Every structure is written in structure tokens, then in C-alpha cells.
Amino acid sequence: MKIKNIKLTHVLEAALLPATIFVAWFLASRYNVLPGNLFPSPSDVLAGFYEVLNDGSFFYNLNISVIRVLKGFLLGSTTGFLIGITLGMSRFLEKLITPIFNAIRQVPLPAWAPLLVLVSLGEMSRVLFIAMGACYPVVLNTFEGVKSVRHDYMEVGRMFKFSKVKCFFKIILPSSFPATLTGLRLSLSISWMLVVAAEIFMTSGGGIGEMMWACREFSRMDLVVVGIIAIAFVGFAMNFTMRKLERLFSFWRITLKQSR
Amino acid sequence: MPFIKSEKIKTVAIGLIVPILLVIFIEVICKLEMVPSQIVIPPHKVVITFLELMNTGELSEHFRISLSRVLAGFVLGASLGFITGTVIALSKRSERIVAPLLSALSQVPLFGWIPILILWFGIGETFKVVFIAFGAFFPMLINTFEGIHGVPKSYIEVARAFEFSSVKLLGKVLLPAALPSLFTGIKLALGMSWMLVVGAELVAAGEGVGYLIVWGRQLFQMDIVFVGIAVVGCIGYLMFLTLNTFESSLMRWHRPTATK
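Listed in order, the protein sequences are those of chains L and W.
One gets this note's numbering by counting positions in the first sequence from 1 and adding 63 to each.
One gets this note's numbering by counting positions in the second sequence from 1 and adding 22 to each.
The following block holds chain L by itself, in its conformation from the complex (with noise of 0.2 Å):
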């Protein structure tokens, strides 16, 4: 019963600070103490959340990001593996490739936009920018993934005389992956965040972020802000998943620490 107490009291708690600032925020847009069209009441917002499911536009636009921030994520995170890979297996590229790597990595990604503006590859372009961003947390880790297979594993597998592809697949990928599977999620939470950036940026394919930029301009604040929950839900949900899958895999990386 005590624990109950002490939960009951612990959500309260959480609740306290939102609570607050829903109804001030609330009270302020009712009584007319802030600028109504610069914070939209909660009514407001909802009113014109059902205005854009209505139209379609709210689902059209979401689609378009979703879409878009999965190409980029296919593409850089794949690229980023493979990169990964290589420069794990071989000492020579490594010293060869990762001083550039790293050169370029140090470029603020939005500074890329108007570059990629210029090259003028429509879609293509948005979607080079956010793949960008996500190749680099997968090469990284993955990187680093192969780098740190234990000695004895290889060792074994060499007792066992296996082939170099059978050394890859049986050893160097299998204890690599929870690595690249944290690269993986952080790729993609770098890459959603890219995605309005993006359609911010390269204006005219659609999008959420292109949708919350011309309601900026039309002054719709109401709009604006249900593009920001819409955006903070989805970036949540991927995360979640992420996180999930990546917990899925990781008895794997328990049954290695525990063999350490």
C-alpha cells in the first residue's frame, strides 16, 4: 500500500510542471493576457490540427518526411557500413581514408544545404543531405564495432582454419552488430532531425517541415505548433523502436560480457 502511496505521489510530481503551464498557457490565450496569434490557445491548436487532417495535408506532409527520412537513412547508414567495414578490416585504408573522413566531418551539416541547392538535384538533393548526416554515427560505430572483435575469437576461428569471408561473417560481423546497431539509432534520430532542416532549407517537395515553414509565413501559429508535437512524436516513436530493437540484440552483447 506504502508503494502505491509513494507512486501515486511521484506521478502527481511529474504531472505538476506540464499541468501548470497547460493551464496558465491556457488561462493567458482565455483571458487574453499574450498575443493570440502568437500563442494559440490549446483549443486553437486542436482546431486546427482537425483543419489539416481534414485537408489531408497534415498526412500528405508527414508522408512525404517519413518517406524521405527513410531513403536518406537507407542510403547513408548503408554507405556508412560499408565505409565502417573497410575501415575496420584494413590497417592500409584506414590510415589512407579516415584523415579526409574526418576532415569533412567536420563541417557543420546545414552548411552543406546551399551546396547541394546549387548541385539542383531536387529530391535527390534533400535526400543527400540527410544521408550525410546519417552516415556518420553508423561508420563511426561501426568502426569502432570491428575494431574491438576480441583477439581469442579470432584466434579460434583461425584454429579452426576458417576462410577470411567465413573469419567476416561467423565473427567480425556477428560480434560487431550491437555497435552498429547503436550507430543505427542514432543515425536515425540524426537523420528525422536533418529531415525538417532539410525541407527547411530546400524549400518546395513538401513536407512537414516545409508545411510548419509556410504556416511561419502565413502566421499560423496554431499550425506550427502541431507540426512540432507531430514531429516530436514521430522522432519519439523511432527512437523507441530503436532503442527496442536494440535491446532485442543485446543478449548478444551480455552473453560477451559475460565471456569477458
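Hints are supplied without guarantee of correctness; some may be wrong.
Stated by the list, open to error - The calculated label-pair distances, taken between Cβ atoms and stated as ranges, are:
#1 116/L with 144/W: 26 to 32 Å
#2 93/L with 83/W: 19 to 25 Å
#3 85/L with 144/W: 24 to 30 Å
#4 312/L with 56/W: 42 to 48 Å
Said to hold, decoys possible - Computed from the model, here is a short list of chain W residues facing chain L with C-beta under 10 Å:
#5 36
#6 127
#7 133
#8 213
#9 271
Said to hold, decoys possible - Covered stretches of chain L (chain W as the covering partner; in silico rule of three or more C-beta atoms under 8 Å from a C-beta of chain W):
#10 71 to 84
#11 252 to 265
These are computed hints drawn from the structure, not numbers from a lab.
All values derive from a computational prediction rather than experimental measurement.
Glycine included, every Cβ here is placed at the ideal spot set by N, Cα and C.
Use these hints to put chain W onto chain L, whose structure you have.
Chain W in isolation, oriented as in the chain L frame:
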């Protein structure tokens, strides 16, 4: 000793192979006019443009403006993140009250705040500083929190045995022990700030290095775009190096953490 030196020179030399080949390759295909000259420009032209922009003082002016924005946003965001992180690490109750709201806010992809912040603050300096502060806030918050949480219980028990006051406990035990994590937070926050200043200057600015890149794009001058990209990359890297040097001189007992 000379052996190590020659080894180092060899590593650097191997690292330079790809960039040099790339430069020669681009110079050659530009000479032979195999690609449209507006899209691929010879590297020597970028250097010339860089020197010109340096001579007229334009580049350093843009740089100065971007840097002042970054510093303002970083100091604001990182100090708020540090304070909040310390408070919620020290008090379980404040953690329960603040954490749900903060984790909801952190789900929003950073660039999604741009439309809302522009509507609130206009496209002036306030918008940029607040936007950068947003980006600096979360990494600093998380790393401060985790740093203080990760302080071994035994340290705190020793402090308690010596009857340290809570201020002394914080200043003499918790913060020094959390220093590596704090530095990770500072590095991530500064890297994020630098990325966001470029992003903010892409959408709304009349000066700054991000604007320089957009300006080059509007003039259809690829060389200016590339100068901008190279400059933001180098400065980002210099910031990171400076922090690393500072970190290792401050904490001789701890190896610098590899972030970014």
C-alpha cells in the same frame, strides 16, 4: 625517438594521398572542361577567393559575427543546462518534477524550433541566440546530470565522514569528480552551437559565415560556397582542439574523452 618521428610523418603522408589526388583530379577535369564550370570549380580558385575575402576583411567580419552569436547562445544554453543538470542530479524530487517536461521537449528535432522562434522573436539576433541556446542546453544538461550521478558513493561517504557542508560537497567532491563528463557536455554543446549558428544563418541573416555560403549560392559562385564550407569546418575543428587541449591541461589525471 627518430623512429617514432618518421612513423608519424609516414602516417601524415599516407593521410595526404587521397586529398592531393582528389585536388589533382578535379583540377584536371576542370582544365579539360569535362564538367560544367559552375558546378565543379578548380580548387586553386577556391584558395584565390579565400585570399580575396581575407584581404577585403569580409571573411573576418562574417566570422566575428558568427562567433559572437555562438558564444552568446552557448554561454546561455550551457549554463542553464549545467544549473538544471546539477539541481536535478542532487534532488530526486526536482528530477521527478522537471524530467518529464524536459524529455518531451528534447524529442523535438532542433530545426523544428526555427519557425516557432522566428514567429516569437522575429529574425533578429534574439532568435539566433535562443535557437543556439536550445541546442547547447540539452547535451550540457544530460552530461552534467550523468556526471554527478556517476560519482562513486564512496567519495560521498568520505565527504560525509569529514562532515563537509553541502556546498563543500558539491565544490570539492561532486563537480571535480564529474569534470570529465562536464567536459564532454561542453564539447557536445559547443559543436551543436556551431552547427546551429550555420543553420540559423542559412534561413535568416544578413551576415555571418552561414550567410556567406547562402550569398555565394545566390550569386551562383561555387568558390564562395566552398570557402564558406571550409571555413566553418576548420573553425569547428579548432574549437574542438582548443577544448581538448584545455581539458587535458586541466585534468592531467584523466584522458580526454573522444567526442565528435
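Hint-by-hint comparison with the structure:
1. With their beta carbons about 30 Å apart, residue 116/L and residue 144/W fall inside the hinted range of 26 to 32 Å.
2. Look at residue 93/L against residue 83/W: about 48 Å separates their beta carbons, and that is not inside 19 to 25 Å.
3. Judged by the Cβ atoms, the range 24 to 30 Å given for residue 85/L and residue 144/W holds: they are separated by roughly 26 Å.
4. A hinted range of 42 to 48 Å holds for the C-beta pair residue 312/L and residue 56/W, which are about 47 Å apart.
5. Interface hint status for residue 36/W: upheld, as the beta-carbon distance to the closest one in chain L is roughly 4 Å, under 10 Å.
6. The interface hint given for residue 127/W is met, as the beta carbon of that residue sits about 8 Å from the closest beta carbon of chain L, less than 10 Å.
7. For residue 133/W, the suggested interface contact is upheld, since its CB lies about 4 Å from the closest CB of chain L, less than 10 Å.
8. For residue 213/W, the interface hint holds, since its Cβ comes within 10 Å of a Cβ in chain L; the closest pair sits about 8 Å apart.
9. Contact between residue 271/W and chain L, as hinted, is not supported at the beta carbon level, the nearest pair being about 22 Å apart and thus beyond 10 Å.
10. Under a criterion of three residues with beta carbons nearer than 8 Å to beta carbons of chain W, the stated coverage of the stretch 71 to 84 of chain L is upheld, 8 such residues being counted.
11. A stretch counts as covered by a chain when three or more of its residues have a beta carbon under 8 Å from one of that chain; for the stretch 252 to 265 of chain L and chain W the count is 8, and the coverage holds.
Hint violations for this structure: numbers 2, 9, all remaining hints satisfied.
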